[in-house]
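Could you build the full structure based on these sequences and the hints that come with them?
Protein chains: 2
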Amino acid sequence: MQHTDLSKLGEFGLIDHLTSKIELKQNSSALGVGDDAAIISSKKDTLVTTDILLQGIHFDLTYTPLMHLGYKAAIVNFSDIYAMGGVPTQITVALGISSKFSVEMVDELYNGIKLACEGHNVDIVGGDTSASLTGLTIAITCVGEVEKGKAITRSGAKENDLICVTGDLGAAYMGLQLLEREKKVLEGKNGMQPDFDGFDYILQRQLKPEARKDILALLKEKDIKPTSMIDVSDGLASELLHICKSSKVGCRIYEERIPIDYQTASMAEEFNMNLVTAALNGGEDYELLFTVPLEDHDKIIQFQEVKIIGHIAKENLGAAMIARGSEQEVPLVAQGWVKEE
Amino acid sequence: MQHTDLSKLGEFGLIDHLTSKIELKQNSSALGVGDDAAIISSKKDTLVTTDILLQGIHFDLTYTPLMHLGYKAAIVNFSDIYAMGGVPTQITVALGISSKFSVEMVDELYNGIKLACEGHNVDIVGGDTSASLTGLTIAITCVGEVEKGKAITRSGAKENDLICVTGDLGAAYMGLQLLEREKKVLEGKNGMQPDFDGFDYILQRQLKPEARKDILALLKEKDIKPTSMIDVSDGLASELLHICKSSKVGCRIYEERIPIDYQTASMAEEFNMNLVTAALNGGEDYELLFTVPLEDHDKIIQFQEVKIIGHIAKENLGAAMIARGSEQEVPLVAQGWVKEE
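Those sequence lines, one after another, are chains Y and U.
Each residue of the first sequence is one higher than the one before, starting from 770 at the first, in the numbering used here.
Each residue of the second sequence is one higher than the one before, starting from 770 at the first, in the numbering used here.
Hint data in this document are derived by calculation from the structure and do not stem from the laboratory.
There may be inaccurate statements among the hints.
Below, a list of computed lysine-lysine pairs in the DSSO-like style, where the Cα atoms sit at most 27 Å apart [said to hold, decoys possible]: (1) U/Lys813 - U/Lys958; (2) U/Lys1014 - Y/Lys917; (3) Y/Lys927 - Y/Lys1014; (4) U/Lys917 - Y/Lys794; (5) Y/Lys917 - U/Lys794; (6) Y/Lys1014 - U/Lys794; (7) U/Lys777 - U/Lys794; (8) U/Lys790 - Y/Lys1014; (9) Y/Lys790 - U/Lys1014; (10) U/Lys1017 - Y/Lys790; (11) Y/Lys1076 - Y/Lys989; (12) U/Lys919 - Y/Lys813; (13) Y/Lys813 - U/Lys812; (14) Y/Lys812 - U/Lys994; (15) U/Lys794 - Y/Lys812; (16) Y/Lys919 - Y/Lys982.
Source: prediction; values computed, not measured.
What follows is the structure in structure tokens.
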């Protein structure tokens, strides 16, 4: 890759360079990059969510391609909007960039962001770009829209509602473990290629996650209205506890019903790790966790991409998982906060 | 100040701690902190702007009190919304926090943000909090509203329009010079107090800037509709060039008409610096620069807080300043990008 110094372009030059070819596709994007603020003109409710990604905490550039990083940084925000039952429409991108980065590297990052935006019809309408003394920081804010009053929050789950989750869980976490192991193995060994054979799925889940736009379309098509919804970013246990707390309910899920991919299980075995812990607490799955009324059962079981993993219970029963092949209840505990050493 | 380790609270604990007492005041804030996204319900156009502040680039904690930093981080975003002729209504706050910070320090920062929000009736509706390996990062996104189609962009300036600026310029920059000098003088000398006597105004302009909400109210009251507007964050010259480029016009401003405070002039003399350079390129003034049709002249000159500093010219004449007491034209040049060493 060429290495063009950022200082050659200067701040305004870099912004022009990054944003010059951006087209606006959303009708609601009345004004994009290039003024004090973007203008969004819509008759719907507006959704706003922000995520900040910091080098060394959320990503490791030794094994994360910049384009994938940009893609993921955008996707995690779209996922939050889908989790409200909305459609992402615009993002702003704030970057803190160390002088070690070249223009070409920033382009790679930005191309990943753009690719994610293209896949979800999202416009880049603003941002901020700054030098950084300390590596890369990416703060993306996503704006979305939803019919007035129709947003799906975390607080509407009712007793006996079915708890549903899309896709499978724990894969992104096991992908991360694999990347970390190969990094350690290869440290100092130039030219060696890591051995990722047969683990493409868990790597993709870590490096290039998707947001479940498809599920929102399915739910709409079948006229299913979730009573609560959240995306799985910090792990199933943590997200379930969020729904229970916000909805003032308890829950029971069944270990044997938690959807887990074969590669995830195989890698967990290789690492001698508890598979269920990876699925419950691994995080970064960006699947949707939602509750529906019991009467939607027959519709939901027709969705291949959705599994019913349990039900909502009375608040005083707390949140617990029924262990596989037993009736033992294991209380769900939240993880969170990657502690800095 | 007490020092409570952030790890004692954990990520979710910290978010709860920071946001538990937040009240929503804006009618349009349908849902605030605590879900995947905030919900904003308004019939007006929505404005969105983002700023990222990085330790060592935008602020130096040796002389910036955390509360002031939080205040400023919010104000610079409000200023962008006012510069669109809008009203700021909501913000999201994304923080990257090093483990060297205590809960009390984060509280100070957050209290500054809250104070700014209270002064401008803005709701904190969301955010993200993360550990950081490398100091403090603050990324704030501000949402505002404006009557449909009434936002004031940078692109509407017309030939012969008057160029107006609020307040005075260069003070924040000279305040920064003073703080930097005192920092150097006092390095290693514990217990000594810096000498800021008689320079309270320029220090305040650097450490606790305000956004010109008052001017928007005045313009509305007198039924003046600026043809273009921008806030002065990077310096008058840079902002004028933005307006000229977006509006496809040129401009002439008069050096002698640039509003400069006595303390700014006095400090520039002490530093043996060019006063006009400080006013043109210093930045961080957060004043409003706008253009109005010539026929508004008689209304504008009644505003004590607004000065007419020149006029818009044909595009082929370029952007220039007429030097004091002469007819010499000095081309305006943009600054930008604080280069990292």
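For each hint, the structure was consulted:
no.: 1; hint: U/Lys813 - U/Lys958; result: violated, 55 Å
no.: 2; hint: U/Lys1014 - Y/Lys917; result: violated, 38 Å
no.: 3; hint: Y/Lys927 - Y/Lys1014; result: holds, 12 Å
no.: 4; hint: U/Lys917 - Y/Lys794; result: holds, 19 Å
no.: 5; hint: Y/Lys917 - U/Lys794; result: holds, 19 Å
no.: 6; hint: Y/Lys1014 - U/Lys794; result: holds, 24 Å
no.: 7; hint: U/Lys777 - U/Lys794; result: violated, 31 Å
no.: 8; hint: U/Lys790 - Y/Lys1014; result: holds, 17 Å
no.: 9; hint: Y/Lys790 - U/Lys1014; result: holds, 17 Å
no.: 10; hint: U/Lys1017 - Y/Lys790; result: holds, 20 Å
no.: 11; hint: Y/Lys1076 - Y/Lys989; result: holds, 17 Å
no.: 12; hint: U/Lys919 - Y/Lys813; result: holds, 19 Å
no.: 13; hint: Y/Lys813 - U/Lys812; result: holds, 8 Å
no.: 14; hint: Y/Lys812 - U/Lys994; result: holds, 25 Å
no.: 15; hint: U/Lys794 - Y/Lys812; result: holds, 21 Å
no.: 16; hint: Y/Lys919 - Y/Lys982; result: holds, 17 Å
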